[in-house]
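Spelled out, the chains give:
There are 2 protein chains.
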Amino acid sequence: MTPERLARINSMLDKRQIDLTVCMEMVHKSNNLAAVLRTADAVGLSQIHAVWPEQGYYVSRNTSGGSSMWVDLKTHTTTTSAIENLRGQGMQILATNLSDSAVDFREIDYTKPTAILMGNEKDGISDEALALADQDIIIPMEGMVQSLNVSVATALILYEAQLQRKKAGLYEQRTIDQDTCQRLLFEGGHP
Amino acid sequence: MTPERLARINSMLDKRQIDLTVCMEMVHKSNNLAAVLRTADAVGLSQIHAVWPEQGYYVSRNTSGGSSMWVDLKTHTTTTSAIENLRGQGMQILATNLSDSAVDFREIDYTKPTAILMGNEKDGISDEALALADQDIIIPMEGMVQSLNVSVATALILYEAQLQRKKAGLYEQRTIDQDTCQRLLFEGGHP
Ligand SMILES: C[S@@+](CC[C@H](N)C(=O)[O-])C[C@H]1O[C@@H](n2cnc3c(N)ncnc32)[C@H](O)[C@@H]1O
Ligand SMILES: C[S@@+](CC[C@H](N)C(=O)[O-])C[C@H]1O[C@@H](n2cnc3c(N)ncnc32)[C@H](O)[C@@H]1O
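Protein chains in written order, with the numbering used here: chain H, 1 to 191; chain F, 192 to 382.
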């Protein structure tokens, strides 16, 4: 590995936000998942979650811009088990939902440990997820179309989190564990 | 047309931002273009532009969530003619570009008449566009991946514009012309 690449990987590791994540509930289009992984890397997530009942959840390395190498994708077979896992990490659980009771996504404090639940392309978020979440959030829509593309919605929320966390200095202190660092330095050095 | 639908369309028309647009330079994946159209409608754009040298630039009505009905897509055969058109409308021209000289996208004043140039999936923005633009802008990247998906990048910038324009009260005064209103009321009433 060149010294430049080592420095680049180390600088990325310094900025990883281990207490910020998203969970994709049955999001099935691989181009959407790939775009989410790419955004996740760009905002400094080290892991994202997906609820997917079957084997074989696949992301093309190509459309993800190589981000699948840098962001772990953890799958869960049910929404309940996914949310239990996230709550076990002390995270507030936000459900994106196109309802009148949802609050504007920019009103949330994302400097807290946070997991954002994103819904399926066709049916949106499940009733189960809504029941278990702490808060519904919505991105304002000024036009005729009801919803945004799911990878677009994910990015808007994650970049709001990035802005708040940047202001709070959370990109200036390494929080990621030593084992993950070693693994990524090893894998990233021998791609 | 029901009174509810008429009211819905009129409220959308009230909020249209005729002096804010994007121009997609050779963006060729139809799912990306569809996602951009959907976001454009959500932020209140009445028209977007594309540089496309050939006939037949197509957006699936399905993946665009029906937004192609509400947002005009104007194509240009060259980047130069597209930018001339936009400048002729008095717009500042911003080029998204992954360079060191680009300024953070959140530092721009989007309450001014603004057109944002987005680049092709593989090659990014053209040298021609860079040369003609007033300013390069970039979305900060904290990770390893070099770039975001183009529809994601477009949405992040448009929602920053939405935020600024909302604060400035620009969603509270109808600016769209009467002819376009009549056409959209007619077409939207008989979909
Ligand atoms: C295409 S939308 C699903 C639309 C579905 N028909 C519904 O009623 O929810 C897919 C996912 O994108 C996210 N999403 C899309 N637009 C959103 C918005 N304006 N606010 C919050 N989340 C949104 C949500 O996670 C949603 O479940
Ligand atoms: C996939 S990127 C193109 C990457 C290309 N390899 C390059 O060097 O520009 C497609 C388009 O998305 C937009 N884009 C992606 N990431 C961006 C970022 N971080 N800042 C600004 N624009 C971005 C730009 O319009 C870019 O031309």
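Simulated from the structure, these hints should not be mistaken for laboratory data.
Any given hint might turn out to be false.
[Unchecked claim] Simulated crosslink set (DSS-like; lysine-lysine; CA at most 30 Å straight-line):
#1 Lys358(F) / Lys167(H)
#2 Lys29(H) / Lys313(F)
#3 Lys15(H) / Lys206(F)
#4 Lys15(H) / Lys112(H)
#5 Lys313(F) / Lys357(F)
#6 Lys357(F) / Lys74(H)
#7 Lys74(H) / Lys167(H)
#8 Lys74(H) / Lys303(F)
#9 Lys358(F) / Lys313(F)
#10 Lys303(F) / Lys206(F)
#11 Lys313(F) / Lys265(F)
#12 Lys166(H) / Lys112(H)
#13 Lys29(H) / Lys74(H)
#14 Lys313(F) / Lys15(H)
#15 Lys358(F) / Lys206(F)
#16 Lys265(F) / Lys166(H)
#17 Lys122(H) / Lys265(F)
#18 Lys358(F) / Lys29(H)
#19 Lys74(H) / Lys112(H)
#20 Lys166(H) / Lys15(H)
#21 Lys112(H) / Lys303(F)
#22 Lys357(F) / Lys167(H)
#23 Lys166(H) / Lys358(F)
#24 Lys74(H) / Lys122(H)
#25 Lys74(H) / Lys220(F)
#26 Lys357(F) / Lys206(F)
#27 Lys303(F) / Lys29(H)
#28 Lys166(H) / Lys74(H)
#29 Lys166(H) / Lys357(F)
#30 Lys313(F) / Lys206(F)
#31 Lys29(H) / Lys167(H)
#32 Lys122(H) / Lys167(H)
#33 Lys29(H) / Lys15(H)
#34 Lys265(F) / Lys167(H)
#35 Lys15(H) / Lys122(H)
#36 Lys265(F) / Lys206(F)
#37 Lys303(F) / Lys358(F)
#38 Lys122(H) / Lys303(F)
#39 Lys112(H) / Lys206(F)
Small disclaimer: the values here were computed from a predicted structure and weren't measured.
Evaluation of the provided hints:
| no. | hint | verdict |
| --- | --- | --- |
| 1 | Lys358(F) / Lys167(H) | holds (20 Å) |
| 2 | Lys29(H) / Lys313(F) | holds (20 Å) |
| 3 | Lys15(H) / Lys206(F) | violated (39 Å) |
| 4 | Lys15(H) / Lys112(H) | holds (16 Å) |
| 5 | Lys313(F) / Lys357(F) | violated (33 Å) |
| 6 | Lys357(F) / Lys74(H) | violated (38 Å) |
| 7 | Lys74(H) / Lys167(H) | holds (29 Å) |
| 8 | Lys74(H) / Lys303(F) | violated (43 Å) |
| 9 | Lys358(F) / Lys313(F) | violated (35 Å) |
| 10 | Lys303(F) / Lys206(F) | holds (16 Å) |
| 11 | Lys313(F) / Lys265(F) | holds (22 Å) |
| 12 | Lys166(H) / Lys112(H) | holds (13 Å) |
| 13 | Lys29(H) / Lys74(H) | holds (17 Å) |
| 14 | Lys313(F) / Lys15(H) | holds (27 Å) |
| 15 | Lys358(F) / Lys206(F) | holds (13 Å) |
| 16 | Lys265(F) / Lys166(H) | violated (38 Å) |
| 17 | Lys122(H) / Lys265(F) | holds (29 Å) |
| 18 | Lys358(F) / Lys29(H) | violated (35 Å) |
| 19 | Lys74(H) / Lys112(H) | holds (21 Å) |
| 20 | Lys166(H) / Lys15(H) | holds (10 Å) |
| 21 | Lys112(H) / Lys303(F) | violated (35 Å) |
| 22 | Lys357(F) / Lys167(H) | holds (22 Å) |
| 23 | Lys166(H) / Lys358(F) | holds (22 Å) |
| 24 | Lys74(H) / Lys122(H) | holds (22 Å) |
| 25 | Lys74(H) / Lys220(F) | holds (28 Å) |
| 26 | Lys357(F) / Lys206(F) | holds (10 Å) |
| 27 | Lys303(F) / Lys29(H) | violated (37 Å) |
| 28 | Lys166(H) / Lys74(H) | holds (26 Å) |
| 29 | Lys166(H) / Lys357(F) | holds (23 Å) |
| 30 | Lys313(F) / Lys206(F) | violated (34 Å) |
| 31 | Lys29(H) / Lys167(H) | violated (34 Å) |
| 32 | Lys122(H) / Lys167(H) | violated (35 Å) |
| 33 | Lys29(H) / Lys15(H) | holds (29 Å) |
| 34 | Lys265(F) / Lys167(H) | violated (39 Å) |
| 35 | Lys15(H) / Lys122(H) | violated (34 Å) |
| 36 | Lys265(F) / Lys206(F) | holds (20 Å) |
| 37 | Lys303(F) / Lys358(F) | holds (13 Å) |
| 38 | Lys122(H) / Lys303(F) | violated (36 Å) |
| 39 | Lys112(H) / Lys206(F) | violated (34 Å) |
In terms of the numbered hints stated before, the structure departs from hints 3, 5, 6, 8, 9, 16, 18, 21, 27, 30, 31, 32, 34, 35, 38, 39, listed from lowest to highest.
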